[in-house]
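Asks: One letter stands for each residue in the lines below.
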Amino acid sequence: MPYPHKPETIIKHTKKVAYFQRMQSSVAHAILLRMNLSPKDTHEVSRLRTLLSIFLGLYFVIGLSTFFLFSSAHDKSFPPFFHWFLFALVPNEHFSTQYTVRLVTYKGKALTPPELFGEANDIIGDAQTNRARDGIRRLGKALVAGDTAGADVVRAELEAAYFPKDLSWQVVKITYDPIERFKTGALERVDILGTYHTP
Amino acid sequence: MKYLVQLREYIFKDSPLRRLEHYAADMQVFFSARTVVQMYYFFLLFISVALFTWDTSFGAQTQIETPWPIRWFPLIGFATAYACVRVFFITTSILAAWKPHWRLARILSFLALFEFCALYISILQLDVDGYGLLLTSFLFIFLPYGYEKTDAPVVVRMKFLLVFFAVQVENLLTYTMGGLGKLYGAAAQIVAGQSNFFGLHSAALQIADRQLLTGVHTALGPWAVEHYLLIYPWYLFTLYLLLFSFFVAFRPKLHRTWGLLLILFHVGNYLVINIGFVSHIFLWSLLLLASPFAPAKTSVKEFLCSLPVLDVMFKKILR
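So the sequence lines, in the order shown, correspond to chains A and B. Heads up: the first sequence begins at 1 in this note's numbering, then just goes up one per residue. Heads up: the second sequence begins at 200 in this note's numbering, then just goes up one per residue.
Be a bit skeptical, because a hint or two may be false.
What the hints assert, rightly or not - Chain A residues, not near chain B, derived (Cβ > 12 Å throughout):
(1) 69
(2) 107
(3) 190
As the list claims (entries may be wrong) - Footprint (simulated), chain A over chain B, 3 or more residues, beta carbon under 8 Å:
(4) 266-274
(5) 288-301
(6) 328-342
(7) 371-381
(8) 394-408
(9) 501-511
What the hints assert, rightly or not - Across the chosen pairs, the derived CB separations fall in these ranges:
(10) A:147 with B:347: 53 to 63 Å
(11) A:68 with B:347: 39 to 49 Å
(12) A:65 with B:438: 16 to 26 Å
(13) A:165 with B:438: 43 to 53 Å
Hints were generated in silico from the structure; no laboratory data involved. Heads up, the beta-carbon is just placed ideally off N, CA and C, and yes, glycines get one too.
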């Protein structure tokens, strides 16, 4: 009895069957599902994919541009866009600078040596907050820029939020080697930008 | 053109996007992604209560620092506006945790989180920890209708997984942007002849300066400043970790381990410089450790041969 198919056709067919058998059931299922997807469904998925891709691209471009478009370090964000350039710069080994406040007298008694704001936990209730640091930084910048009105606003804000009564204090710009200061507390230079008294 | 095609193939060859039908067909993948979304809204409910404080003594600062989403605060007074945002955030978080499949609940939850984040970056903490949540909540708005049904049609499952994948990509992209920032900073400082990211002392400088600024001596900070050479390899590795995070989204074999590495990165930062990024730790637990696209098992060889850029080397070594 003659065989109905040529040997090559049988081999090809057997290979196909074996191939599908080897496939995981979920993959076979997936192929079936794909075949059942209507053109409308495919279009919907494709449209959503395009929309999400556009958003990701825009976020990347607008986010990075906030770093270059906004000059002030604190304003380099346009919610919800942000550049994510966190700790991008390494502090300078010998010439790191920081605006801070130095407390000179408290309740009529001289503080010897004068205490820096962030270390004066016994006098300032909330000496380690980001908000206080940011306020002092803005005050220092305003004083350096000669913006007296701006400095007065920030000073009033800091006094109301953090400083106790009867305190003499100075806004200073300190220069230091971070590792040396961390180990020994040594400062290389202290520039006084303004002296105030909170009555 | 040929190289662009090759590059595209290199980046996207294992992308979940190419096998979306496959994933949509696997109900386990779909259910696990759906659980992650539910967990996300439970977490929002938690932080809506945990991260707020009733202290409004810092109201004076809003006179100066007003990001655009909270510029309406002076209209009704800071204390009232603050209370409104807090109640709105808690209420919408309860709603979204209860019915995350309601798009309106997700939209309201996003708006409340948006207000909260604007407060958080400007008044409460001055840090951007909430931005990852904000992006996640925004993209989850696009989850399709009807995904909560057990017999959700395949097109709904595909759209759901597509949005979920976009959330993974978006959050990983922010880390790549952070890595680009470090490269940019290093280049600028090298040109200026200053201390820079690649210097041997750079980790010690960052850690010491951060502790000086915050006035907090951290658990491992003083040790890390002394033993900066020991942490230097990890410090350099974090640049790789950040820079190539985006590409990891397209390599599901890396999802779980990369998630673990990012969590270790944040935990390390917390122990050394007191920056926790707690919401990101939770996000990576959900999005990568529990990634529905990750295979059940990945061998060390598969992991190494999937690492962005380094895979070329490992494929030759481990051939």
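Asks: Test the statement that residue 190 of chain A is away from the interface with chain B: the closest C-beta pair must be farther apart than 12 Å.
Replies: 14 Å, holds
Asks: Could you tell me whether the CB distance from residue 68 of chain A to residue 347 of chain B stays inside 39 to 49 Å?
Replies: At 43 Å between Cβs, range holds.
Asks: Assuming the hint says 16 to 26 Å, is it satisfied by the Cβ distance from residue 65 of chain A to residue 438 of chain B or not?
Replies: At 22 Å between Cβs, range holds.
Asks: Please count how many residues of the stretch 328-342 of chain B have a CB within 8 Å of a CB from chain A and say whether that reaches 3.
Replies: holds (count 6)
Asks: Examine the stretch 371-381 of chain B for residues whose CB is less than 8 Å from any CB of chain A, and state whether their number is three or more.
Replies: holds (count 8)
Asks: Tell me whether the statement that chain A covers the stretch 501-511 of chain B is true, taking a Cβ distance below 8 Å and needing three residues at minimum.
Replies: violated (count 0)
Asks: Against chain A, does the stretch 288-301 of chain B show at least 3 residues with beta-carbon separation below 8 Å?
Replies: It is violated: at least three residues are needed, and the stretch 288-301 of chain B offers just 0 whose Cβ sits closer than 8 Å to chain A.
Asks: Holds or violated: 53 to 63 Å for the Cβ distance of residue 147 of chain A and residue 347 of chain B?
Replies: 56 Å, holds
Asks: 43 to 53 Å was suggested as the range; check whether the CB atoms of residue 165 of chain A and residue 438 of chain B agree with it.
Replies: For residue 165 of chain A and residue 438 of chain B the Cβ distance comes to about 49 Å; the hint holds.
Asks: Grab the minimum beta-carbon distance between residue 107 of chain A and chain B and tell me whether it stays above 12 Å.
Replies: Holds, since 22 Å exceeds 12 Å.
Asks: Check whether three or more residues of the stretch 394-408 of chain B sit with their beta carbon closer than 8 Å to a beta carbon of chain A.
Replies: holds (count 11)
Asks: Three residues or more, CB to CB closer than 8 Å: is that satisfied between the stretch 266-274 of chain B and chain A?
Replies: holds (count 3)
Hint compliance for this structure: hints 5, 9 are not met, and every other hint is.
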